[in-house]
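S.K.: My request is simple: use the sequences and hints to build the entire structure.
Protein chains in written order, with our numbering: chain A, 1 to 443; chain B, 1 to 784.
Hints are not guaranteed to be accurate.
Now the stretches of chain A that chain B is said to cover, found in silico as 3 or more residues with beta-carbon under 8 Å [stated by the list, open to error]: (1) 169 to 183; (2) 192 to 204.
Estimated spans, in silico, between C-beta atoms of each pair [what the hints assert, rightly or not]: (3) A/D159 / B/I573: 38 to 46 Å; (4) A/G314 / B/A498: 58 to 66 Å; (5) B/D603 / A/Q192: 34 to 42 Å; (6) A/R67 / B/E206: 50 to 58 Å; (7) A/N136 / B/S379: 55 to 63 Å; (8) A/G117 / B/R141: 48 to 56 Å; (9) B/R352 / A/Q266: 51 to 59 Å; (10) A/G117 / B/P307: 25 to 33 Å; (11) B/P307 / A/Q192: 22 to 30 Å; (12) B/K186 / A/N136: 38 to 46 Å; (13) A/Q266 / B/D321: 43 to 51 Å; (14) A/Q266 / B/R141: 38 to 46 Å; (15) B/R141 / A/P158: 38 to 46 Å.
Some, not all, of what chain B presents toward chain A, calculated at C-beta under 10 Å [unchecked claim]: (16) N109; (17) R118; (18) R224; (19) E234; (20) E288; (21) P292; (22) R319; (23) D325; (24) E326; (25) L406.
Hints in this document: simulated from the structure, not taken from any laboratory.
The beta-carbon is built from N, C-alpha and C at its ideal position, and this holds for glycine as well.
One-letter residues, chain by chain:
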Amino acid sequence: MQRREFLRELGVSSAAASFLLGLPSLLQAGTGSAMRRKRLVFVFSPNGVIPKHFWPDQTGADYDVKRILEPLAPFQSQMLTAKGICNKIKGDGDGHMRGIGCLLTGIELFPGDIQGGSDTPAGWSMGISVDQHIKNRLQADAATQTRFGSLEFGVMVPDRADTWTRMSYGGPNQPMAPISDPYQMFDKLYGQVKNRQMLASVLDDLAGEFKSVSRSLSSEDRKLLNLHLELVRDVEKDLQTEFAAATKNDTPSHAVPKLAPNIEEQNDNMPEITKMQTELLVNSFLADFARVATFQITNSVGQPRMRWLDINEGHHGLSHEPDSNEDAYEKLIRINTWYAEQVAHMAQRMRDTPDPSGHGSLLDNTTIVWTNELGKGNSHTRNDIPFVMIGGGLDFEMGRALDFGSVTHNRLLLSFLEGFGMPEETFGNPDFCKGGALSELMA
Amino acid sequence: MSCAIVLGLSVFAAAPAADSDDLDPEIRQEHGRQIYRAQCQRCHGAAGEGTEDFYPDPLVGDATIGELTDIISETMPEEDPEECVAEDAEAVAHFIHEAFYSEAAQLRNQPPEVQFSRLTSSQLRQSLADLYQHFYREPHRDSEQGLSGAYFDSNRWKKEKLKLERVDSVVDFDFGHQSPGEGIAKEEFYIHWTGSLQPAHTGRYELVVESTCSMKMRFGHDDRILIDNHVQSEGKTEFRRTLQLIGGRQYPIFVDFTQRKRKTEQPPAKFSLRWVPPGGIEQVIPPEYLRPSTGPNTFALQSKLPPDDRTYGYDRGTRVDRQWDEAVTSAALEFGEVAARELWPQYRRTHRKDSDENRGRLRGFLTELARVAFRTEPSQQVIQLYVNDQLDAADDDQLAIARACLMMIKSPRFLYPAAAIDSTPDDRISSSLALTLYDSLPSDQWLLSYSAKSWYRIGEKGLENRIRQAATRMSDDPRLEAKAMEMFFEWLHVDPTAEIAKNPETFEGFDVQLTLDLRRSLERSLQEVFWSDESDYRQLFRQTWNWTNPNLAHFYGDMFALKDSKSDDASSIVSLVPGQPAPEKVFGVLAHPLVMSHLSYYDTTSPIHRGVFLIRRVLGRTLRPPNVAFSPLNPELHPDLTTRERVELQTNEAMCQVCHQKINGLGFSLENFDSVGRYRDVEQGKPIDASGGYVTRAGDEVEFTSPAELAAFLAENEDAQRAFVERVFEHFAKQPPAAYGPDTADKLLESFRENQFHMRRLIAEVAVIVALDAIEGESENAAT
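M.R.: Shown next as structure tokens:
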């Protein structure tokens, strides 16, 4: 199928969009004195990394950037790598399931009937995930409330609800389904505007139809149709007024992104879809639709075939190969480097975009947390879970490589809360919260 | 203050004065006119329209000339009743009866016309449902109940592991840790339930699934997942979804239920398919709403639509406003989305071989959509505007479909079926039939083909019969069932979703569950009579038994007695079965407890409500509203009186009696049924006096001594039959019968009688009349 411009015909004025949605940002735009908007994004990629080519050898501010993280080098001073974070949650479920299901929740999975390749079967997580917890806190306060609170993006997440495909939880047994279809996400974000614009564009033709139909009716019958025609004209006029008023208040922060048309959700379109979703994410931050997001690229045990890198094998299959398989080893490095490129692209888009609140760029107020369900694929270890952070959303001291040795990942979850200014004593299973938030992280 | 004559009221046995027949009618008429001008006009207006200062109500009603003569003679003119008596009074009675008082005069003075209307909310819902269904199969009536179950000794569909196939009348199982059937391992099995859900009434339903194991439910479409619980996770066992459903539509349903073998402890296997129907409480979905066959994919509009004008007693689409327009817009957007998601892929599958050059397939799809939506083959001009222009405006397929649907559904071609733009007479017949019988548009392939091949042969002999043939074929359809059920409930004055509150101390056990069972029992009686071969209206008063279940039998005793006490498995507790005949206590749907309890107070019966119900709805007579609103006498202040005595006490003044003699006479005959419709012989220690009477339109006086006599009378009485015919006409045509000619109701009544009161044929006849009217002009040279 030909690629066509998806939105060109919509011609939705970016201003119209914001006006119709009644965005709070409209009121704050350009004031400069607005409150800083802290934001947090969790980017997930699956199946572990190759630690040797991932973690810096040198800790501290003077850290080195290894091969996989190379795409992120331009962000070195705004980046923080945290080694030694271990997901120690036990209980039901195989390593992958607990890897993703406990990653942001810090609590066990319920007993259930989903059997992985090893261990016992399991169900959904027993608790809320940290992103949803923060969202709830933000939404509870009028000053930080946004239209959606949080957005759950997916990239090629299979259309299947199971423990391996869900990272975010609204509560016990409440997995949040990520939206993998950019067009569906677009509809969620801008559908209302799109529909109103579409309506405005057909009303004139409709009015013509009312006239031509009414010509064939008796004068008595025509009355009702004429009344109806007046309604059509009224709606048309009102929409014009709305759009005109919106144009007056037009600012760059209300741009509606343009998506390429007819991109099917297929393996080979993964790079394109990742870019589309990134655009939607950046734009929804710009429009202040949400301040928390998850960005889940595939799923735990994900099997994308990165043919655009000349890799034909599925990722998960490769990740089980022993380190001695040099070909697989090399491919895994390249696969993870590709993920790093996606994170870098997201960070770059945020760095290039001024924050509408007036405080620097979006990246200055957003922390991207790139993580994974495993430390290393072939061992299924959940020690040294990859945690790479970029940006200034949390009150962390950035530009460092840290090694915590071996601490529970619940303590990092607590740090996210602390960094967001909403500290808690425990999060998830309290048994894994001893010691509290990791104090070294804070600025 | 209005003390002028209260017409429309009568005294029993008012015989017309015999000597009047000798007079020249024209002279008498003139004489009456003169007296009226001199003595009556000042208060009643020149044409009986009333005057604001003296007597504001118009002089209209259904009293006979004899009754009018008596009233005038005795009470008029108010200041001196002696001034106009005997022949003068009679002349005035003749004059006003002929000039404006009688129903016939009203029709003559204001011949009703077929009113130009847009689609009503119900018609919009139904039309969109059929526009959708057009791309699949047409539904068919299925009287079998329950869902089909396929039980596998495996954790998935494996043909060779299929151990058991059966119809489960309800789906409510607790297998525990046991095997669900012979040859099936208890540790691991898979059950696949399929069929359809067919609700009786339109409304919001909450579907509830309780499942302790992995489960997936698709609903409405074989690829539309409503509940996905692929993962069994401890504690997550209940799933609720609320949907707007259309009565009579069959929603395909597919359940995959899997108990998986595992290393850890298994939960006991439990699965229950339940719902909360509108106005009801949660219950296992009863068998009569389940069909073991899978119907075609179905669309139910979820957008909310504002209610329509009901001032005439039936929905009319005679008003347009902003709220309605906005609701149509959201309906159009909703349909566009589902068209893009479900209909377009379906069309592509079935048109794989068509050329797709220049988006030819999409063009074909949208053209077909326009053909069905506009009820005629679209002209080149229509295709240009609704299809080609929309494709040009949007390169994206989904967007093009959304635009085209928005245009089509908001178009006057769709919203105003009566405009019938560009349509052929054959189109108009089919369109009229679908609108009358289903509130919808023609979408079934066979019906559409009638237009294509000019099947009705307009202008040739036998046209009416051919229309009748099509109408009859269309009558055997679940879509008719829903519209008929709606009509019956309106006729019986029962709001299916209303809560009926009764004193829990006096009527222990009369709860929401019981009223829900009563509703089902009433529905079932109506359905069975309606769909029986005879479809005999009189059976509605004659059937001597009720549909029952253990709950109803327990509360109502004899009236709902079970024929045999069955086992108490889930299905026999829920299922309705024919009860034991109780000829002295059950009179078809007339005295059904749901009807009786609606027409009662919290503690006591209301003979007045029952009487008014019988006069207005069942007998189709007119009644003026009371001059002042009264509250009923408090039973506690009259502890020794029966309800009948209390009502008599309150209405015994002459002023009240003119109306209440009519009302009470009918209402009292149902006094054997208490406030919850339970049969009783005594009240307050006194035997029930169920005697009463009625004066027919023809002036015949009838007396009853029991509800049995009342029921027997109603079954045969012409007033009641006429009222039913008119109600059917108005409900199905959404227009008054007189709009199709002053004798329409008479002719229909006659054919109703000739057809042994066959209700489905009556409806088909209504559809024929309306369809013939739709091609008026074309058909005139056809009859011979």
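S.K.: Each hint should be assessed against the structure and marked as holding or not.
M.R.: Here is how each hint holds up against the structure:
1. 169 to 183: holds (count 3)
2. 192 to 204: Three-residue rule met by the stretch 192 to 204 of chain A, so holds; n is 5.
3. A/D159 / B/I573: 38 to 46 Å: holds, 39 Å
4. A/G314 / B/A498: 58 to 66 Å: holds, 59 Å
5. B/D603 / A/Q192: 34 to 42 Å: Violated, at about 52 Å.
6. A/R67 / B/E206: 50 to 58 Å: holds, 55 Å
7. A/N136 / B/S379: 55 to 63 Å: Because 57 Å falls inside the window, the suggested range holds.
8. A/G117 / B/R141: 48 to 56 Å: holds, 51 Å
9. B/R352 / A/Q266: 51 to 59 Å: Roughly 20 Å apart at Cβ, these two residues miss the hinted range, so it is violated.
10. A/G117 / B/P307: 25 to 33 Å: violated, 57 Å
11. B/P307 / A/Q192: 22 to 30 Å: Holds, since B/P307 and A/Q192 (Cβ atoms, about 25 Å apart) stay within the stated range.
12. B/K186 / A/N136: 38 to 46 Å: Because 42 Å falls inside the window, the suggested range holds.
13. A/Q266 / B/D321: 43 to 51 Å: With Cβ atoms ~47 Å apart, the hint holds.
14. A/Q266 / B/R141: 38 to 46 Å: holds, 43 Å
15. B/R141 / A/P158: 38 to 46 Å: Cβ of B/R141 to Cβ of A/P158: about 41 Å, so the range 38 to 46 Å holds.
16. N109: The hint is violated - B/N109 has no Cβ within 10 Å of chain A, the shortest such distance being about 18 Å.
17. R118: Check passed: Cβ of B/R118 comes within 7 Å of chain A, closer than 10 Å.
18. R224: Violated. Min distance 13 Å.
19. E234: holds, 4 Å
20. E288: Not OK, violated: B/E288 not within 10 Å of chain A, min 33 Å.
21. P292: violated, 28 Å
22. R319: Where the cut-off is 10 Å and the nearest Cβ of chain A is about 8 Å from B/R319, the hint holds.
23. D325: Holds, because the Cβ-Cβ distance from B/D325 to chain A comes to roughly 5 Å (cut-off 10 Å).
24. E326: holds, 8 Å
25. L406: holds, 6 Å
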